[in-house]
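Student: Build the full structure now, drawing on both the sequences and the hints.
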Amino acid sequence: MYATPFRRLMLCFTIFITPSTNLLADTPSDASQKRGLNIAREADRRDAGFGDTSSQMAMVLRNRHGEQTERRMRSKTLEQQNDGDKTLIVFDNPRDVKGTAFLSFTHKTGPDDQWLYLPALKRVKRISSSNKSGPFMGSEFAFEDLSSQEIEKYTYRYLRDEHFDARDHFVIERIPVDPKSGYSRQEVWLDKSEYRVWKIDFYDRKGEHLKTLTASNYRQHLDQYWRAETFEMVNHQTGKSTELTFTQWQFQNGFSDRDFNKNSLKRAR
Amino acid sequence: MHTYNNGHHWAARYADWVIRWRWWVLLASIALAILAASGGRFVQMNNDYRVFFSEDNPQRQAFEQLQRTYTKVDNILFAVVPREGEGFSANTLAAVEQLTEQAWQLPYSLRVDSVTNFQHTRADGDSLVVQDLVENAIDMTPTERNAAKAIALNEPALAGKLVNTDGSIVGVNVTFQLPDKSMNAGPEAVAAARALMKNIENEYGVQVRATGTVMLFNAFFEASMNDMSSLIPMMYGVILLITVLLLRSVTATLATTAVIVFSILSAMGAAGHIGIQLTPPSSAAPTIIMTLAVADSIHILITLLAGMRRGLGKLEALRESIRVNLGPVFLTSATTAVGFLSMNFSDAQPFRDLGNITAIGVMAAFVYSTALLPALIALLPLRARQSQSATVGDRTIDRLANVVVHHPKGVLMAVTLVSASLLALIPLNELDDNFVTYFDESTSFRQDTDFINEHFSGIYQVQYSLNSNIENGVSHPLFLRKVHDFTQWLRQQPEVRHVNSISDTFQRLNKNLHADNPNFYRLPNDAELAAQYLLLYELSLPYGLDLNNRLNVKKSSTQLVVTLKDMPSAQLRQFAERGTRWLQQKTGLQAHGVGPAIMFAYIAERNIKNMLIGTLVAVFIIAALIMLALRSLRLGIISLLPTLLPAGLAFGVWGGLVGEINVAISMVAGMALGIVVDDTVHFLSKYQRARVELGLDNNAAIRYAFNSVGAAIVVTSIILVAGFTVLAQSSFGMNAKMAVLTAITIAFALVAVFTLLPALLSLCKERQPSHLTLSTTDSEGTDYVRNSV
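Going down the list, the protein sequences come from chains A and B. Residue 145 in numbering that gives the first Met the number 0 sits at position 146 of the first sequence; the count goes up by one each step and never skips. Residue 734 in numbering that gives the first Met the number 0 sits at position 735 of the second sequence; the count goes up by one each step and never skips.
These aren't lab readings, by the way, just hints derived from the structure by calculation. Quick caveat, the model's predicted, so the values are computed rather than measured. Treat the hints with care, as some may be off.
Said to hold, decoys possible - Sample of chain A residues at the chain B side, in silico, Cβ under 10 Å:
{"#": "1", "residue": "R94"}
{"#": "2", "residue": "V176"}
{"#": "3", "residue": "S180"}
{"#": "4", "residue": "G206"}
All C-beta atoms, glycine included, are put in the ideal place defined by N, C-alpha and C.
Tutor: Here you go:
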């Protein structure tokens, strides 16, 4: 599938609610599962074919007592036809990690491939781990929140419709397939007209409300692809929050696989 | 006696009034009790140990500052104890794995650290492999399990914390984020944890034990519940027994019980209205109120029954008893309330609450025993059994009076000798507020904590926050070196079982990223390298096992968590101060060790100064009350010694026998003072009346006081000692020790009032009985309690 690492945040799930002929024969839960999956597929379909993107990222981390700190990165994404996207992130700030570059190949099933270039060591190190639920750069975002949201990574269920901010939304539930996920489930709000994700509630392993993500400032690129500029993640249990902003979205950069390999990591700075 | 005499006119009119309007008095009493008791619905338990520390307590402030910077450290530490003594058998590891997995489900859990989910890092070519140390234990080969054991025993993050030195016990530590305002979050988490422990025990045949601050919250909660549910019924039993034995009357027993029940309902209800939350100390209030309330009723009933035996009718005897006792019961209630109110000087809210609830209860007991009690007696049938003539007790008291009167100097000498030797033992008392020993060995908290302390890991956690003062400064080699040196120093201290330090992580990563070359197990010498290691490491960590518990948001400071073995709080204070000094001298860093154990270690120190002031204020007020009531400066001053000395002697005995005092014991002086002064008041008032009204000489007046009030003083003392002995059965050490010391004080007061007080009276003769002219009323009726039992 084709997604920016961060694309699915802003994204898109579909619902093409095929007026199923045998709908009546289905149990309600079968029907809602099918509908949920269809919504996810439609969102995915609408974002397919974007090719590649690049953007600037800034994260502001806050604790409940107002202490805050900032991280800055650049990111590039290359869409893959039959697998998860390839992503390259270069860290600009804090200063002592400047030039550190992170490459990740998301896979539809199984652990992702990840490499990190450490400029102080002048070496590329492969990270061999099935963990991606830890905090990204100490923020309230886990890498699993940011990486490409392949359809296969969840099971789905349509919950209800909800109207707010002058938009009609589908609310779907998705349950991570990966047993190492930090979440037991998520509730996702997508608007009915464009299948953009406006809000996600994350529930922890014991089913308690952990975090809420809200997206804002969506812009459409190439007359098709919607990208949000601001994501706010609030942790309800610790009172910490992270604001993540994307600026300078660029499409059609002409990236190829050669820009996303171990050698390209060292050049990335 | 001028005041009393006026009082007696008034008291007689009051007695008539109560008897006349007995139905209305009864109804009004019931209405008052219901009104007050309606506050009972607001009474809440507060299980947070922080309630013992005021908002401006410096140790609490430091601790909360730390909790704001890093994640909270409220925890449950599980120890999985296999029967076969092998912590790394397939079965034990499977049990730990499942416990780890399911611990994420515990309510309010934030983080689960265990031997199995420990994120082991190693090099594999150019890869950094990060994975759980143990995964699918059942499928692991013995070689793999032995390898995991070797890693665990050599891993500074685990050894001494989650695995013991020989690998025979393996642990899981769960960190909780308990909501601030919720009162039942702790017990809820513990209930779930216990169910989980039971499951694991049944499924794997291992033993699971648990300690930690969340278990501590719960132990406080259970201590309060236990005290309320077992001590109060026991107290009822004791009181019924005493009243039946002393009064031999169903009606009298019933009336006494009614006074007690109404007093407790009113006090606890009033506590609810005021918004007092129940804590283990304040949940002792009902038991104490019962003890004190029964004394009031007994005084009135004994006079009443004695009057009836002398041939008075019931109402006549009742009127007489009220007339005689209203003043004294008021005075003794007031002095007792003053003693308890002195607890308001404490820094610890639970003791202020205990003092206030009990003071309310004591005054309620005064109201009910002088209104409800006579109304009930007037309404119900009452018969007085004929009493035997002079008992052995009476004869003993006579003999004692003779000895004291004839050899006052000898008695005083003996008292001085005994006192001096007991008082000399006071310095043997050491302040010790070890929150583990607050709970006696019958509690599961104490049993598991002792076990874990002895066989597995430490139980006290002290945290140090080391601040580099620059953003991302934790990666700076100079700062890391300081953290490392402090970590090493801590590990050399005999009290230390484990230190969790970020410097270990940096050394390990440095080795891993140099192909696991052991020569690189050292700190990275470059800030950028260290920062990049950290970035790499953070990217590889799973959900919940992040570095938020060790680094702040800005990565400018790091938290060291030191686990200590069990030790007296004096040693803990000494350890904490040693650490702070070492840091300052060797690294220039400023940090204080903080944590619940440290807060308790300083609690007594912080309270005792305040309680000394409180006790002095109580002494002053009580002495003033006595001088006013007896209208004699001389008697007021003489009264001070037998009132103050008993507490001193009790502390001496305690120093000789036990030697450890906790914060609750600092409350005893003020509290006991208000109780034991009653003996002195009774004795002096009899003496005074004999001198002034009966015109007896000094020695005769002393004998008169012995004869008229001696037996009653013995009886009340027995009741009080019995009551506090019941409270001493509490499984909560603060309450139990406080009760024992109070009981000892009351016993000494009994001795003092029969020896020291008359000897002083005999030796410090009045120049002349100057208030003779003030005496106006007839003499007989002014007795407090003139009958024997």
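Student: All the hints need checking, so say for each whether the structure fits it.
Tutor: Hint check results:
1. Taking 10 Å as the C-beta contact cut-off toward chain B, the hint placing R94 (chain A) at the interface holds, the least distance being around 8 Å.
2. Given hint, V176 (chain A) at the interface with chain B, is violated; its Cβ is 15 Å from that chain's nearest Cβ, farther than 10 Å.
3. Nearest Cβ of chain B to the Cβ of S180 (chain A): about 7 Å, under the 10 Å cut. The hint holds.
4. Here the hint on G206 (chain A) is kept, as its CB sits about 8 Å from the closest CB of chain B, short of 10 Å.
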